[in-house]
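**Q** Once you have looked at the hints, place chain C on chain X.
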Amino acid sequence: GENVEQHPSTLSVQEGDSAVIKCTYSDSASNYFPWYKQELGKGPQLIIDIRSNVGEKKDQRIAVTLNKTAKHFSLHITETQPEDSAVYFCAASKGYSSASKIIFGSGTRLSIRP
Amino acid sequence: GAVVSQHPSWVICKSGTSVKIECRSLDFQATTMFWYRQFPKQSLMLMATSNEGSKATYEQGVEKDKFLINHASLTLSTLTVTSAHPEDSSFYICSARSRALNTGELFFGEGSRLTVL
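In order, the protein sequences belong to chains X and C. Everything in the first sequence is counted per the working numbering, starting at 61 for the first residue and increasing by one. Everything in the second sequence is counted per the working numbering, starting at 412 for the first residue and increasing by one.
Next up, chain X with everything else stripped away, as it sits in the complex:
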């Protein structure tokens, strides 16, 4: 089955700097890659996603890149702010129908230093 690896497990950056989180996946059939943000005691929330027919996607301060050949994808957060502090999970899925399973990476705890 699919295996998603995520690095680093913890990341501390100065407010205003950029943060990068990297993930790799094992199943070349995976074609949907969402990123979730989870705050303490809450369920994850989608922040951005990318499909395999696209190499890069950007939404304001957040961008995601995908390299299908190498089977890795990355999350980039620019101009970080204190409210960006949270745990971030990458994930991979084969398809995006209602029945497609999503497998999560191990998570990255991002801390923004004031």
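In case anyone wonders, no lab produced these hints; they're calculated from the structure. Since we're looking at a predicted model, the values are computed, not measured. Please note that the accuracy of each hint is not assured.
[Unchecked claim] Quick partial rundown of chain X residues pointing at chain C, CB under 8 angstroms, derived from the structure:
no.	residue
1	Pro68
2	Gly103
3	Asp109
4	Lys161
For every residue, glycine included, the Cβ atom is placed at its ideal position computed from N, Cα and C.
**A** Chain C only, in chain X's frame:
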């Protein structure tokens, strides 16, 4: 956006008792819902896929008789932890996709924290 609601948000029970957690899609229909388990500072581990009107599909290593899943309607799935033990204490999260939206986005509930004494 689509909303998924879980209840209860937290529950404490005695060892040996059973606990039921409900997951509802409030403004969309979900033929499939997913149940995840999360230990402190760890990732979300998929436990099972809940299918409306049929049996759930469990991931390898998850005990079917321990974690009973029922998906009786297009908006409700339940997870029952039977004969709970302290090692079952965890954060249980359900999720679903909206068939109508067809965006691939998985909407999560707020989670249910189970503590077994």
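**Q** Against this structure, judge whether each hint is valid.
**A** Quick rundown of the hints versus the structure:
1. Pro68: Not OK, violated: proline 68 of chain X not within 8 angstroms of chain C, min 14 angstroms.
2. Gly103: Constraint on glycine 103 of chain X satisfied, holds at 4 angstroms.
3. Asp109: holds (7 angstroms)
4. Lys161: With Cβ-Cβ at 6 angstroms, under 8 angstroms, it holds.
Comparing the model with each earlier hint shows a violation of hint 1 alone; every other hint is respected.
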